[in-house]
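Start from chain A and add chain B according to the hints.
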Amino acid sequence: MTKRHFPFTIALFVSLATVLASCSGPQAVRGSDTPGLDNAAMSTKLDRKDLEKALKISMEALRTSKLMVRWEAENDPTVGVLPIRNETSEHIGSALNALSTEIESQLINFAPVRVISLEGQDALIDEIRHQQESSAFDPNQTAKWGRQLGVRYIVSGKVFSTDERTEDARRVQYYLFIRTVSVETGEILFQNQAPITKAII
Amino acid sequence: MPLRGDRLRVGLRLGLAAVVLVLLVPAAGCKTFSDRTAKTRSALDANNLDAALKSSNSALGVRGAGDTPAPLEKNDALLLLDRAMVLQALHEYAKSSHDFEVADKAIEILDFSRSTANEIAKYLFTDSAGPYKARPYEKLMLNSENMLNYLAAHNLEDAKVEARRFSIMRSYLLEDEKEDAKQIAAAGAFGSYLAGYAFEKAGDAEEALRYYDEVLQFEGVASLAAPVRALMKRSGYRTPRLEAIAKKARAPSEADAQSADVLVVINYGRIPAMVAKRIPVGAALTIGALFLSPANSRAARRMAGQGLVTWVNFPELGPSRPNYPTPGVSLSTGRQQVENIANIDAVARHAWDQSKGRVVAAAIVRMVTRGAIGAGVGVAAGQASGKGSVGMVTALVTQAALAAGDKPDTRSWATLPARIAVARFKLPPGSHQIDVNVGGRIYTSQITVAEGQWAVIDVTDLSNR
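First to last, the sequence lines map onto chains A and B. Numbers in our numbering are just positions in the first sequence, counted from 1, shifted up by 31. Numbers in our numbering are just positions in the second sequence, counted from 1, shifted up by 13.
Chain A with its partners taken away, still in its complex shape (with noise of 0.2 angstroms):
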């Protein structure tokens, strides 16, 4: 190709990639049906693979815990989940609820204790996500919610991140904290983290 002509040809290989692109959409898809779907990491946010990790994680430490000896030595237990702290730079409140709701399904699935749900509690919710929008979250305030739902053990978390931008490139670290408490004595008898990170790059 000689020089005069190449600026022509881009300018015709531009104006044809413009006319071509025009052509293709989205369509809607199935993920039993695409292979891999559920793998891709659409955004910085938490999808279900995640949660699935975090909480595997979290479960697994809390089976070969000293707490479960102390479960199995009681006679099945009550235990309450409360909602998951929002700590993060991330709208995750809705995958957060998700796990909450995990936790519970693990704990009535593997571990010698009963589940009490917070449903139909709406005002003990309430109070209890109001004071999660506010620092003042401690064991005692959870042993207060437990005896309030009349349960033994209260399992609560809250997520954090550490999130790092550069010019072409955006990291998040996710921290998630479970940990149980026993409300009679407002001691904490297990804590576990679970890293998670999600990037833009």
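Read the hints as simulated data drawn from the structure, not as lab findings. The reader is advised that the hints may include incorrect statements.
[Unchecked claim] Residues from chain B that face chain A, not an exhaustive set, calculated with beta carbons under 8 angstroms:
no. : residue
1   : Glu114
2   : Lys118
3   : Glu121
4   : Ile122
5   : Phe125
6   : Lys146
7   : Glu170
8   : Asp171
9   : Val174
10  : Arg177
11  : Tyr185
12  : Leu187
Nothing here was measured: the structure is a model prediction, and the numbers come from that model. In this text, a Cβ means the ideal position worked out from N, Cα and C, and glycines have one as well.
Positioned in the frame of chain A, the structure of chain B alone reads:
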């Protein structure tokens, strides 16, 4: 068969020239971004929010405020920002937040991407060929205005999420040597004020003080004196600015402790939109000279000297309204003090003044490129036809078609308020009427507060009349 080969080449050249012209000439009729969004701004000027929402939806190509284009196309993120402001003015906070958050994510992705095809198109045709890259003040305002949505809806958890996002962006911009720290502080004062308020109400005194100190780095805000004094009793965080303003606070009375804390935030006026402008090439060379390479500068002067080009298309920030009367806030007990905490108009103008030379230089480079392409096509057509006159005419037509396709990049977030003011006061428990006067238009809010509660009232009036 050399003759046949020559004819084939001639045919190909003429065919390619025709294809380029056919593809480019329709671009001449395309509207610029500010043309496409003009109806929304006209409706806002008339204070007709329903019409503004309808125009916003129309620009996005969707039917209702709950609809979002999928997938987002080139300028949809910017159009969502426009609609988010209209929805905020309508007090549709959940929908406004949704638009802000979708736009925020899209802008983040666009920040990290620019394809080679976009770069080529930008180099040849127009600055608006590529995806929109938000300006620093726009990024800060996005999180700030969304924080206001959540605070007005009494949702501290999500307001704190926006506060954290705001901080990440503010820190990133301050670390960027290209950015003007003073302008970042000016653009961020409003966001820092709201972030401080969110953390104050969440009971995190230290975090609140850090944000309030950011506000005070920009300018003194008297309404922060009492809150800072109260917060300093609960945290050891100190700066000279915080200590100085705390000294100005009067001692709290018993009635203060029993009252509710009310913050009225007034977004008013509107920053100007970008407009397409044509200036003589000589004037353009004066503005963009510093940012042009010597070769491009010489080529542009040669083309201007030969009379091949006379005008350069480029975008310009429209004129600002000279002044806005400060809004008034009245209760049954009298008028409240109102403080202006952000002049977004001045921030936007400063940002444009800083980038104007580069934008004009880019327009000149495109003009030179078009000249080279036109000459190339003309030579090809002249050789193909064997007539120099055909080549000359083809060159001129090609240049004209390319010039007509050069749309100035008028993209900007032009529904941002020109000014932001706050009024902060205590109210005894009970029901109260709050009247806000923005340019003679009265916005009345009825609120009922209990002891120790807080409330944020948003008044967004984006009319420029």
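Do the hints match the structure? See the list:
no.	hint	result
1	Glu114	holds, 6 angstroms
2	Lys118	holds, 6 angstroms
3	Glu121	holds, 6 angstroms
4	Ile122	holds, 7 angstroms
5	Phe125	holds, 5 angstroms
6	Lys146	violated, 12 angstroms
7	Glu170	holds, 5 angstroms
8	Asp171	holds, 6 angstroms
9	Val174	holds, 5 angstroms
10	Arg177	holds, 4 angstroms
11	Tyr185	holds, 5 angstroms
12	Leu187	violated, 12 angstroms
Hint violations for this structure: numbers 6 and 12, all remaining hints satisfied.
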